[in-house]
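Enquirer: Using the sequences provided together with the hints, build the complete structure.
Residue numbers (my numbering), protein chains in the order written: chain A, 5 to 245; chain B, 89 to 197.
Fair warning: there could be bad hints in the mix.
[What the hints assert, rightly or not] Ranges between beta-carbon positions, derived for each pair:
(1) TYR154/B - SER55/A: 18 to 28 Å
(2) THR161/A - VAL126/B: 34 to 44 Å
(3) THR50/A - LEU115/B: 12 to 22 Å
[Claimed, not checked] So these bits of chain A aren't anywhere near chain B, every CB distance computed over 12 Å:
(4) GLY38
(5) ASP127
(6) GLY163
(7) PHE215
No lab work stands behind these hints, which were simulated from the structure alone.
Nothing here was measured: the structure is a model prediction, and the numbers come from that model.
Ideal placement from N, C-alpha and C gives every residue a C-beta, glycine not left out.
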Amino acid sequence: MKKAIKAAFPVTVPVLLGYLFVGIAFGLLYQNAGYHILWALLMSLTVYAGSMQFVAINFFAPGIGLLEVALMTLLVNIRHVFYGLSFLKRFQGMGQKKPYMIFSLTDETYSLLCSAKPPEGVDPDRFIFAIALLNQCYWVAGSALGSVAGSFISFNTTGIDFAMTALFVVILVEQWLSCPTHLPAMIGAACALLGLFAFGADNLVLPAMIFMVVLLMAFRRPLEPKLSLPEESGQNGGEPL
Amino acid sequence: MISPARALLIIAVISTVTILTRALPFLFFRKGNVPGAVLYLGKALPPAVMAMLVVYSLRGVSLLAYPYGLPELIAVAVTVALHLYKRNNLVSILGGTAVYMLCVQLFFC
Numbered sequence: 005m006k007k008a009i010k011a012a013f014p015v016t017v018p019v020l021l022g023y024l025f026v027g028i029a030f031g032l033l034y035q036n037a038g039y040h041i042l043w044a045l046l047m048s049l050t051v052y053a054g055s056m057q058f059v060a061i062n063f064f065a066p067g068i069g070l071l072e073v074a075l076m077t078l079l080v081n082i083r084h085v086f087y088g089l090s091f092l093k094r095f096q097g098m099g100q101k102k103p104y105m106i107f108s109l110t111d112e113t114y115s116l117l118c119s120a121k122p123p124e125g126v127d128p129d130r131f132i133f134a135i136a137l138l139n140q141c142y143w144v145a146g147s148a149l150g151s152v153a154g155s156f157i158s159f160n161t162t163g164i165d166f167a168m169t170a171l172f173v174v175i176l177v178e179q180w181l182s183c184p185t186h187l188p189a190m191i192g193a194a195c196a197l198l199g200l201f202a203f204g205a206d207n208l209v210l211p212a213m214i215f216m217v218v219l220l221m222a223f224r225r226p227l228e229p230k231l232s233l234p235e236e237s238g239q240n241g242g243e244p245l
Numbered sequence: 089m090i091s092p093a094r095a096l097l098i099i100a101v102i103s104t105v106t107i108l109t110r111a112l113p114f115l116f117f118r119k120g121n122v123p124g125a126v127l128y129l130g131k132a133l134p135p136a137v138m139a140m141l142v143v144y145s146l147r148g149v150s151l152l153a154y155p156y157g158l159p160e161l162i163a164v165a166v167t168v169a170l171h172l173y174k175r176n177n178l179v180s181i182l183g184g185t186a187v188y189m190l191c192v193q194l195f196f197c
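Expert: This is the structure in structure tokens:
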């Protein structure tokens, strides 16, 4: 496991930056709302969903029904339903690690698992488990830091959360270079922009994902043979680091 | 403020529903009976989702008010260029983030 963590660490550094600082922001927010470190830790350990934890601050007010909480959570996190589809086979046979792999499938972990390849001599299951585990550690550590020390941070960190955007951009470029067809990526971008302009910044994800699935299904006939090609044709997907 | 018991209950609901969304495909398609369409989506979705996440992470950027999304445009361009040049995730991400921080802290503030 030590070897797997060592191999996984460099892959997770972008998430370390993003999670640590977004986690700190989360911890600070809850601290200011009167919920101290144990609350922030409890949420980061049991909920572990970045945007949801920020939205959830609104729930800690009188007069909000549990059904409303459940529905809102469902809407914000429904995109995760689609993430598991890519790992139905991959997580099979992971035994005791499987429940945690499913639990910890955030946007960022999903992105890393889509692109990361284990180095020679490292057990692939342990490698992806280490990625998932390290990511949550960063998130929990960030929440704790934000709760206790947020106000002492003097270094100007404005803009550091761009690491998350950069991570998505890099993985997109990597997929663009290694995938024999660019249509899925273009469909994704078009649907997201459509969702953004039609439904606004706060509600773009669900409509975008639905359009995306509909369009991908419509193009299944021409797309499927291309996607079944071995990924390593031509470029080998670049350095894992 | 609400009572701690109520807060705990709310966290339990959020946690349960979040776990449910992540576990749903695994509960739905138990061993061996995954339809072809779902396997196809599993392969076609990653690039589409990644493109969506890029848009999603930039959703708060306003193109109509100063600085017109320029810091984001510059930083994304630098990230892509660095990546095409070096093909090293860490270099591209750290480089792009550093450029973005310089942009928002020094040049477009």
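Enquirer: So is PHE215/A really clear of chain B, every C-beta pair being over 12 Å apart?
Expert: 10 Å, violated
Enquirer: Quick one: work out the minimum CB distance from GLY38/A to chain B and report holds if it exceeds 12 Å, violated otherwise.
Expert: 6 Å, violated
Enquirer: In this structure, is the beta-carbon distance linking THR161/A and VAL126/B contained in 34 to 44 Å?
Expert: Between THR161/A and VAL126/B, where Cβ atoms are some 41 Å apart, the hint holds.
Enquirer: With 12 to 22 Å as the target window, see if THR50/A and LEU115/B comply at their CB atoms.
Expert: 19 Å, holds
Enquirer: Using Cβ atoms and 12 Å as the threshold, tell me whether ASP127/A really stays out of contact range of chain B.
Expert: ASP127/A clear of chain B: closest Cβ-Cβ about 22 Å, beyond 12 Å.
Enquirer: Is the nearest Cβ of chain B still more than 12 Å from the Cβ of GLY163/A?
Expert: 4 Å, violated
Enquirer: Mind checking the hinted window 18 to 28 Å against the Cβ distance between TYR154/B and SER55/A?
Expert: 26 Å, holds
Violated hints, in rising order: 4, 6, 7; the structure is consistent with all others.
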